[in-house]
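*Asks:* Residues per chain, in single letters:
Protein chains: 2
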Amino acid sequence: MKIAVLCSGNGSNLQAIIDGVKSGYIPAEIALVVSDRKDAYALVRAREAGVYRLALSIGDFKSREDFDREIMKNLKARGVDLVVLAGYMRLLSPEFIREYSDRVINIHPALLPSFKGTHAIRDALKYGVKVTGVTVHFVDEELDNGPVILQKAVDIREDDNEETLLERVHKEEHKLYPEAIKLFAEGKLKIDGRRVARQ
Amino acid sequence: MKIAVLCSGNGSNLQAIIDGVKSGYIPAEIALVVSDRKDAYALVRAREAGVYRLALSIGDFKSREDFDREIMKNLKARGVDLVVLAGYMRLLSPEFIREYSDRVINIHPALLPSFKGTHAIRDALKYGVKVTGVTVHFVDEELDNGPVILQKAVDIREDDNEETLLERVHKEEHKLYPEAIKLFAEGKLKIDGRRVARQ
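Here the protein sequences come in this chain order: A and B. Residues in the first sequence are numbered from 1 upward in steps of one, following my numbering. Residues in the second sequence are numbered from 1001 upward in steps of one, following my numbering.
In case anyone wonders, no lab produced these hints; they're calculated from the structure. Treat the numbers as computed from the prediction; the structure is a model and nothing was measured. Among the clues, some could well be false.
To be verified - Where chain A lies over chain B, by a calculated footprint (3+ residues, C-beta under 8 Å):
1. 1100-1114
2. 1188-1199
Stated by the list, open to error - The list that follows gives simulated cross-link-like pairs (lysine-lysine, BS3-like), each with its CA atoms no further than 25 Å apart:
3. A:152 <-> A:188
4. B:1171 <-> A:152
5. B:1022 <-> A:175
6. B:1152 <-> A:126
Said to hold, decoys possible - Residues on chain B that point at chain A, a partial pick, calculated with CB under 10 Å:
7. 1072
8. 1125
9. 1129
10. 1131
11. 1132
12. 1143
Yeah, the Cβ is synthetic: ideal placement off N, Cα and C, and Gly gets one too.
Let the sequences and hints guide you as you build the complete structure.
*Replies:* Written as structure tokens, this is what we have:
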């Protein structure tokens, strides 16, 4: 099982995945880390872990489709079975999603279908929910919409702000994402319409 | 603190509230149980608890507004401070909600804003979420929309069906609703826009 991790920033979920692979918890190899920003700290983490890195700038390509094709070319060259989005701030092209159908996963800092989009933590606090959480899901053509693999609830505290809540959500992400990748790598996930069963 | 409980059916949440009042956990008196169905088992529970009962049929009234006015007349006559919806299958009129602004609460078998509406359990299973739950919230003009008082997550199991999941959700409801009513009765809830703070 070979996985690629796509990042744009700090890469704390990438780190959790690197650690999970190193310890043997995730029975897979990280074949490639891709960043769409050359200064992403995720690339430093990848280098320190001795993982192959690819940094691309959208500005160097004629279109989003060309950009995604360059990534796909590299995924194929390295025999990638699973694409893991870890703070990757770019939408994948329909062609990419078709090509890697049921093999792209994402993590979202809310209990989907609540609080889709890029401000999930802020939106949850604004709405005034008392429970939010983390969702790992397969990626389909719609934003934050694909079949749910794992979810974990996180209670919101009376004195929470964006920072404190984000910290607790991240802590759960760093456990949940390796768990989901482990299940995928072990062939234990079966997609049945919108539902993901564990086998 | 006098509360009215509005029901349409079995009244298992009513029972949890009756028990909470009897044990002294909820520092309030149930002044009135209203049912819009004369054969609702909730009325039997109320009778057995020695609680004043009012059963009304919408068919006996010219309009929904008249029906709600009859209920409001009774709430006023009995000095009700808090209106608790417990499986009440009827939408309250805008006039009712204005009159009892910030004093009507509801319980919903999902983690709002996910799965609004009358099929929350079924919709959660269909969507394939791994975590759902229970929400107690103030009632405003929009369906399942008002400020959230309490929420509790319920994990969905691999082999859950509507019946098994509903049972576990109900179990949490019967704890969460008395807790929310207790907090209200103790004057500990403060609504600040969409957020409900505990004092």
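*Asks:* Hints first: check each against the structure and report whether it holds.
*Replies:* Right, here's what the structure says about each hint:
1. 1100-1114: Since three or more residues must qualify, the claim that chain A covers the stretch 1100-1114 of chain B holds, with 4 doing so at under 8 Å.
2. 1188-1199: Since three or more residues must qualify, the claim that chain A covers the stretch 1188-1199 of chain B holds, with 6 doing so at under 8 Å.
3. A:152 <-> A:188: holds, 19 Å
4. B:1171 <-> A:152: It holds: about 20 Å lies between the C-alpha atoms, which stays within 25 Å.
5. B:1022 <-> A:175: violated, 43 Å
6. B:1152 <-> A:126: Within the cut-off at roughly 18 Å; holds.
7. 1072: Check failed: Cβ of residue 1072 of chain B comes no nearer than 28 Å to chain A, outside 10 Å.
8. 1125: holds, 8 Å
9. 1129: Holds, about 5 Å.
10. 1131: holds, 4 Å
11. 1132: holds, 9 Å
12. 1143: Violated, because the Cβ-Cβ distance from residue 1143 of chain B to chain A comes to roughly 15 Å (cut-off 10 Å).
In this structure, the hints that do not hold are numbers 5, 7 and 12, in rising order.
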